[in-house]
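Taken in order, these protein sequences are the chains called A and D.
Under my numbering, the first residue of the first sequence carries the number 49, and numbering increases by one thereafter.
Under my numbering, the first residue of the second sequence carries the number 4, and numbering increases by one thereafter.
Think of the hints as simulated: they come from the structure by calculation, not from any bench.
One should not assume that every hint holds.
In silico DSSO-like links for lysine-lysine, alpha-carbon gap of 30 angstroms or less [claimed, not checked]:
| no. | chain 1 | residue 1 | chain 2 | residue 2 |
| --- | --- | --- | --- | --- |
| 1 | D | K276 | A | K166 |
| 2 | D | K28 | D | K5 |
| 3 | D | K276 | A | K143 |
| 4 | D | K264 | A | K127 |
| 5 | D | K34 | D | K223 |
Note that this is a predicted model, so its numbers are computed, not measured.
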Amino acid sequence: MATNRRQFLNRVLTAGVTVLAGYVVYPVIRFLIPPSVSSDEPTKVFVTTTDEMKPNSAKFFRFLDRPAVLVRLPNGDYKALSAKCTHLGCTVEFKPAKDFFYCNCHGSEFDINGKVLKGPAALPLPVYVVSLSGNKIFVSIQNRIA
Amino acid sequence: MKKRIINFFDERIDLAPIRNWVRHKTISQHKHSFWYYFGGLALFLITVQIITGIMLAFYYSPNPATANESVRYIMERVHYGWLIRSIHFWGANFLVAVVFVHMFSTYFMKAYRKPREMMWILGILILGLVLAFSFTGYLLPWTTLSYFATKVGVNTPLVIPGIGGFLARIMQGGADVGAATLTRMFTLHTVVLPLTALILISLHVLLSQILGTSVPLSQKGYTEQTRFFPDFVMRDAAVWAGGFAILLAFATIFPANLGSKVNPVMPAPPGIKPEWYFLFVFQTLRTVPEIVAMGVITLGALIWLLVPFLDKKSSRGEKSRFFTLFGLAVLVYMVAMTITAYITTEVH
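Take these sequences, add in the hints, and give me the full structure.
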């Protein structure tokens, strides 16, 4: 069936309004999405000193805009991991008696290397690099000499 | 004096059609009419929440450095601040409970059947809004519990392929729950959701006036008509007064407490649980992988929303046993998961 003048104008008008709506909606959605974390976010931070870390203890700190944890093992080694549970984002707790991390929100467990011991979490906790400079402890995402 | 006021308006706006409508409007009364009062009670509680919410907003400060302190200030320093916040706190709990009762009673009476499909859909959307109000309001006191509950809530959409990250980022306003999340939740709680609720509730109430209350299939032929005004309105008012009395009693005897201010770096405390109305979701998330939990809950919600179009028997005026059993299964699942979550506390 041939399109008459009225139908043609209606279609043109509908298309115009749709494009106009897109022009309005797009900036609104873009406005609501927060800008990405700036690239100058430090990838290496000073956490504490060796004097403050007793064996079998943990210190929570903020790294890469997320909670992180530094653990001093009974043998004196240090481990640093993201403390954000990979299930739904709660901050995990360090259990010194068994050397593992437990999430109080939904019960996930991770070993000292971040590996999942028990779900519902499926992914391991990201591990960071620990470096010492004198008695200062640094954590980074790259293996640099402090 | 009263007559002069009425005449003043009558001369300017013709009120006769409204007077006639009120005079002639009737409500069907039957054995199950009691359940319909929950709809009016929900509307009343929403009004209470709006009034107390506006009052709290006079003092509340949506900033991580001051949010918890401002709520403490309301509770401890502002005259009757504890009462207003307690009414708002208990009002939110009552509202969720009353909306759930209203929804399930509507469901089991099959009041969603033709021609009231749109009322059902609007009602389910309003239930979603009520839960969204609870979720967004929960973070505002900036306590340990509210912080981690929000963390779980905003991270849950991450499992949705494609748009999950986008949704989580929009809700969080950043890489993690923080100051941006608090201002977003406050804006949603006090501006976006109330405006949306105003539109949806107005449409829901308008449809209930146009279509009238539904009569259950089992009650066809056993109904009598009651005048809307003053008979039904007076009964509704009595239910509202009773509801408000119970709400006041709860607010006074069990005032809302304020948890400790969150330290976002520290671990979530042991035994952490969400509010009772999210416990069935919490328990589902704890039991199965989140992708399965989200899939089951989303699919269930979609089926629930579309029930009026799926239950063709009810629309034809026939009994639909399957949908009664389906509703019972949903109810039993929610109650069982809630109880399980309530009684099981894993503390290592």
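Ascending list of hint numbers which this structure does not respect: Going through the list in order, the structure violates no hint and respects every one.
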